[in-house]
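As given, the protein sequences belong to chains A and B, one line each in that order. Going by the working numbering, 351 is the number at position 346 of the first sequence; the sequence numbering is gapless. Going by the working numbering, 544 is the number at position 528 of the second sequence; the sequence numbering is gapless.
Possibly wrong hints are sitting among the right ones.
As the list claims (entries may be wrong) - 25 angstroms max Cα-Cα, derived DSS-like pairs, lysine-lysine:
#1 B:Lys-427 / B:Lys-35
#2 A:Lys-160 / B:Lys-534
#3 A:Lys-160 / B:Lys-35
As the list claims (entries may be wrong) - Estimated spans, in silico, between C-beta atoms of each pair:
#4 A:Leu-102 / B:Glu-441: 54 to 60 angstroms
#5 A:Ile-217 / B:Asp-438: 21 to 27 angstroms
#6 B:Val-538 / A:Cys-65: 37 to 43 angstroms
Please keep in mind that the hints were generated in silico from the structure rather than gathered at the bench. Using N, Cα and C, we set each Cβ at its ideal position, and we do this for glycine too.
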Amino acid sequence: MFHFSVVTNWIDELLRTYLPDGWALFIEFVLIGIAILTVYAVLALILIYVERKVCAFFQCRLGPTRVGPFGVFQSVADMIKILLKELIKINKVDPRLFRLAAYLVIIASICTFGAIPFDKGLHVVDFNVGVFYLLAISSLGVVGILLAGWSSNNKYTMIGAMRSGAQLISYELSCGLALMTIVMLSGTMQLSTIVEQQTTAWNIFRGGIPAIIAFVIYLIAGHAETNRGPFDLPEAESELTAGYHTEYSGIQFGFFYLAEYLNMFIIAAIATTLFLGGWMPLHIPGWDGFNGVMDYIPPVLWFFAKTFACVFLALWVRWTMPRLRIDQLLKLEWKVLMPISLINIILMALWIIYIDL
Amino acid sequence: MKVIDELLAQLPFAGIEQKEKTYSVSVPKDKLRETAEWLKNNPKLSFDFLTDIIGMDYTDSLGVIYYLSSTTFPSYIITLKTQTDDRETPEIDSVHDLWLSADLYEREVHDFLGITFVNNPDMRRLFLRQDWKGYPLRKDYDANPELNPIPLDNEDLNDMEDMPFTEINLEGERLEQHRKLFEEEDYVVNFGPQHPATHGVLHLRVSLDGEMIKKVDPNFGYIHRGIEKMCEAYTYPQIPHLTDRLDYLSGTISRHGFCLAVEKGLELEVPERAHYIRTIIDELTRIASHLLGWGCMAMDMGSITAFVYGMRDREKIMDIFEETCGGRLMANYSVIGGVMNDIHPNFQKKVKEFIPYMRKMLKEHHLLFTGNPIARGRMEGVGYLSKEQAISLGATGPTGRASGWSNDVRKIEPYAAYRQADFKEVLRSDGLTFDRYIIRLDEIEESLRIIEQLIDNIPGGNYAAKTKAVIKLPEGEFHQRVEGARGEFDVYINSKGDKFPYRVKFRSPCMTLVNTLKYIAVGTKVADLIMLGGSLDYVVPCIDR
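Next comes chain B alone, as it looks inside the complex:
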C-alpha cells in the first residue's frame, strides 16, 4: 500500500520485501530499536499492535521476528526482522516500553532461545524453571534428561521473585542487575497453581493490602508441553492433532488456522464445501466456548447454577460434534485440504434445531444472570481497560472489542466462508467488566446468525481436496491469522522445504489476556481479581503451549 511504501522508504538501512499484504523489513540489530520506535510513533501510520514476537534459530545466527499490525489498516502486516551472530551472549534491544505486550513475548523468546533483551526490566524465564539448563528451541539444544533431571523438590518461591535484567545506562555501560518483584513487607498470596478459579494450572502471585490488590504476577509453565518444539519433529498432517490441544475450548479454530497456513503454503485449492463446513464448526465451537466462558465467569462470581446452565447448552453442541467429528472436546476435524469426514446426515437437522433452542436459552441466561442486581453491581464500574491499553497489550478478541477495538479477523481478513455470511462485529466502548461479559452473549447471537445463513447453503462436492501422501511445504514463511474464541490466533510456519517444519509458532491470545489482568486488577478487591479473570476468559493450555 502507498502509505506503507512511503513510510518504509524512509528507512534506508532496511531490506524490504513485499508479499501481498505482508511487508518484511530486515534491519541490523543496532537499528532495531530505532525502526520499532519509528513504526510505532509515526504520526501518519502507527503500527500500534504488536501481534507476536517470534524467536528464530537460523543455526548460524539467532533472530527475532516482530509481527506488527496497525489499527488503521489492520489487514496489513509488517514483519520486522533482526539477527545476531553472537550465540553465546545474544543481546537485542528491548521494545517493552513501546508495546506493553512485548514484556511477556520477550521473556518467552529469552526462555526458549536465550536472547537477552537489553533494558527489559524483567528477564526471568517465562515457562521453564529458573534453573533450567539450555534453551530448548535452539537447534543445538541438548535434550539429555540427565542435564535437567526431574526435580524432586519444590521450586523456591524466592527464585520466582528475583528478576535479573541487563541494562545499558546513559554512559553506555552494560550492567547486569537484579531486582525483587515484591517488597519486604508485602502480603503475598498465591492464587494457584492449584486453585478453583484459575481456569487451569495458572499461578498468580498477588500482593495484597487488606482486600485490595497491589500487584499481580502471573507464572506460567506448569503444564507446558513444548508443542512448538514437538512440531519440529512432526510431519504436517500430524501437527493438527496438537493444535486442538492448545486452547482446548476453541480447538477446531486453532486447527483450522494451522490447516489454512499449510494450504496457503501448498497453494492448495480447498473445496467450497469444506470451507462452509469448517466455518459452521468454528462458529459452533465459538458458541460452546463463550457459553463455558459465561458459565465460568458466573461461577467465579459465586453463581454455580449459571455454570450448569452454560454447560447444559454447550452439551448440545458437543453432541453435534460427536456425531460429525467423532470427538467432542477434541473434534480433530479439519485436515490439510478440507475436513476429515463428510458431515453426518443429521448434522444440518440438528444444527437447525439448535439455533432456535439457543436463542430461547440466551433469554434465560439474561434473565438468570445479566439482570441480577448483585451480578450487575459486581460487574459495573470494575476493571476498566482503555482502547489504547487493549491495543498495546494485544488483548484481542472479545476483550479488545469490549474496549472498542475492532479486531475481528473474520472481518479484517475474511477466511473460509466468512465472506459469504452477513454478520456484524459486536463492538462496545466502555471496556468494563460488564462489557466483556455481555459481548460474549452478543457474539453467540451473531454466531447463530452466521450458522443460520450457511447451514442451508452448504455446497455439494468434495469435502476435502486430494493431497499428496507426503506433504512437503515449499521453502519460506507462512503466516495465517484466525479469530479464535478468545482472540487472534496466529500460526507461523517456517519451512525449509522438508516434510517437517523448521519452526512453528502459535500466537497465544490467552497469554496477552493474562498480561492484561496484571494491569486491570490493580486496585480492585480479591473477589474482583477472580471475576476479572473470568471476564477475560483465558485458558491456560493455550498459554503453556
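The following block holds chain A by itself, in its conformation from the complex:
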C-alpha cells in the first residue's frame, strides 16, 4: 500500500538535513498552511460543481454546461466573479463584528478541516483528543453565525441567527453522543488510532447495531449542523430571504458559502473516519485475494470515495425533503435523537462487554 507518509517524511528529512530544526518546522508549518488552504478552496469548488450537477440530476435538468467541458470550470468562473465583486457597505451595521463574523465561520471550518486524517501521514496534527478537538472547534462556527445575524441589524438575519443558535447547539448534543459511542468502542480519541483499529472491520460492522444507530444519528445531526435542507432554517430562503447572511456581499458572502460546502464535506469526512474506516480499504476477514485487490487502491482514494458517498447522501436528502419547522426541528432533536443516542450509549456498552471482545 502506498501511504502519503512516504512523501511527508521525505520532505521532513530533506528540510532537516539542510536547516536547523526550528527553521525546518517553520517552513513545514507554512507549507502545510498553504496546502490546507489550497485543498480547502479546491475541494469547495469541486463540491459546488458536484452539488449543482447532482441537484440538476435530481431535478431533471442539465446543470452547468457552458464553461469548459460539462461545465467543469463553472465554479472556477463563479469564484473569480465573487472575488471581483464589490463589498457593499451597509448602513447601521456594526462594521467590526460584521466583518469578524465571516472570518470566524471560515476559520472554524478550516481548523476542523485540518484535523481530518486523509491518509496515514497526511494528517496535520494527530491529537490524542482528536474527536474532542473536532467537536470543540467545529462548534465555534455558530458564534460566527450568531454574530453575523446580530451585527447585520436586520430582522431577517436576526431571526435566522436565533434559529441557527437553537439548532446548532441542540444538534451538537446528538452529534457528540453519536461520536462518543464510537469512542467507547475504540477506547481512544486519537483519530489515527481509531482508523488503524479498523483494518480488519470498519467500526460500523465491528460495532454492530449500536454503531449503525450511531451512524444514522450522526448523519442526521451532522446534516443539521451544516445548515442544509431539510434543516436549512437559519437561511430558509423562502421565509428569511437568505437568513443570517442576507446582508453580506462579495467575498464575505463567499466565506459563508465556502464554509457551508466544506462543512458538508467535513461532516462526511468525520463520518468516514469514525464509522467507515477512514482511509482503510474494505477488508473482509478470510478473503485474502479480495483484500489484496482492495489494497491496490490508494488509501487517499478510499477516503475520498467514502466521503463523497456520504456527501451524495446529504445532497440526496437536501434535494428531496422540504424544510422542517422550528418546533419540529427541536422536537426531533430533544424528543427523538437525544434519547435514542443516550440509550444507544448503553447499548454500545453492553455490546462491548458481551459481544465485541
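Given the coordinates of chain A, assemble chain B onto it according to the supplied hints.
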C-alpha cells in the same frame, strides 16, 4: 324564485327588478345597512356570500353595488344597489361586520371613488399611496401627472400604519378618528414587496412574537396597472388583451369570462365548437395553474425539486398552447364570438398524449411530496379555515372547497361545454393546509377527466361566430361568473350603448385569499405563514388589477 320573491316582498322601500336569476334591489342610502342585515341574517334564506362590491360613478351621483349570493341557492344573485348624491363627502354605511370580505372591498371602493364607509375601522387607501390626490374611477378624475408626480422618496411606513376611520357613535355624533395598526412594542417584519415567497409584489407587514405571528396586514398596489380604468377607454375587442394579464396563470379563463359577458350582452350565438375548444383550453390552464401552485407551495416549504417537477409537467401544456394559440403564458385565445384561430392539427393528438402522461406524473408528485413525512408534518393541523369563515371571507375556489364549501361555478352555473362533461366537484371537509394542498392535485385529476370526455367530441363547424366590425353593447349591466383556477372570477360590464364600456369590474379571487391569510395565519409560525400563502395560491397581478 318563490323564496326570494317572498323575502324581497318584505322590503317595501326597495325597488326590485328581476332578470333571469338576478334580482336587482335598489334601496335608499339610509336603508342599505338594514337591508343588508336582513338579507344576511334572514333565517329562511341567508345571503351569506358577498361576491363583490362595485363602486359606480353615475356622473350625477356615486353608487355602490353589492353582489350577494346564497350558499343554499348559489345560482341566484341579488344585486343590492344604493346611491348618494353627495360627491364631496359621500358616505355609506359599512357592512364589514356582516361579511368579512367587505373589509377590503370597501377599501377598494374608497380608494377609487372616494366613498367613505361609516364605521369601517380601516379606511386607508388600498392600492394607491395614502397621499394620492383624486379618485381615479370617478368620471371627473383629473389624470394630470403634475397633480400626482412620480414620487422620488419611499412611502413612509408610518403612513401605512395610520388607519383613519369615520364612525357614528350611539348619540349620533359623527367622529373622524385615527388608529394605529400596530402597537408600539410590536416586532414588525416586512415580508415583501421584494421577497422570494410572496408570489409577486405583495407586501405583508407581520408583527411577530418570537416566531409566532400576531398580526398580518397585507399591502397591495405595487404593480397596480389600473386595468379597470383602462377598460373604459378600450373597445370591447381590445379589452380581452388585458384580462389575460390579470391572473396570468389562469389568463385564458379570465378572458373566457369577459368574452362570455360580452356575448351575453350581444345575445350572440357562439358555435358549439368554440365552446368545446374554450372548455378544453380552460381546463388545460387550470391544470397548468394547479401544477405551478403545487410546485410553489412545495418550494415555499423548502422543496425546490418539487417546484421543478411541477414546472416540467406544466411545460407540456405550454407547448400545446404555443402550437394552437401562439402564446404560451398569455394565450390570447378567446375572442368575442369564439376563439382566435382553429385548433392546430396536432392539438387533439398532443392533448391525448398528455392525459396519460399527467396521470403518471401525478403519481410521482404524490410519491415525492404528498407522502413525505416532513411535508405531512408541516401541513397537518395547521391553518384551519372553517366553512363559515370561508364563505364570509369569500374564499372561493379550491380554498373554499377544501373547507367544504361547494362553490364551483362550473357546477352552479355551467357555461361553455361543462354541461356536456361528467365530472365531480372535489370537496373536502377539514379546511386544513393539507386539504388545500391535496385538493389541487385531485382537481387536476378531474380536469383530465373533463378533457378526456371532450377532446374526441369536438363538433365541427365554425370556430367563431361572425361579429360586427364595431361591437357596441346595448345599454345595461352584464355579469358573468366563471371558475378561475383560484376561485370565482366575475366580470361586470356596465354599458351605455357605446363601443366602450362605461364601467368594467373584475372580481379578484386572489384578493379575498390574501384577506383569508390575515385570519388563518395568526398564531402560526413564520414558516407557516409562507406555507399558508402557498396553500392559498394567490397571484398578485390578479389583486393589483
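Outcome of the hint check:
{"no.": "1", "hint": "B:Lys-427 / B:Lys-35", "result": "holds, 21 angstroms"}
{"no.": "2", "hint": "A:Lys-160 / B:Lys-534", "result": "holds, 21 angstroms"}
{"no.": "3", "hint": "A:Lys-160 / B:Lys-35", "result": "violated, 55 angstroms"}
{"no.": "4", "hint": "A:Leu-102 / B:Glu-441: 54 to 60 angstroms", "result": "holds, 58 angstroms"}
{"no.": "5", "hint": "A:Ile-217 / B:Asp-438: 21 to 27 angstroms", "result": "violated, 54 angstroms"}
{"no.": "6", "hint": "B:Val-538 / A:Cys-65: 37 to 43 angstroms", "result": "holds, 39 angstroms"}
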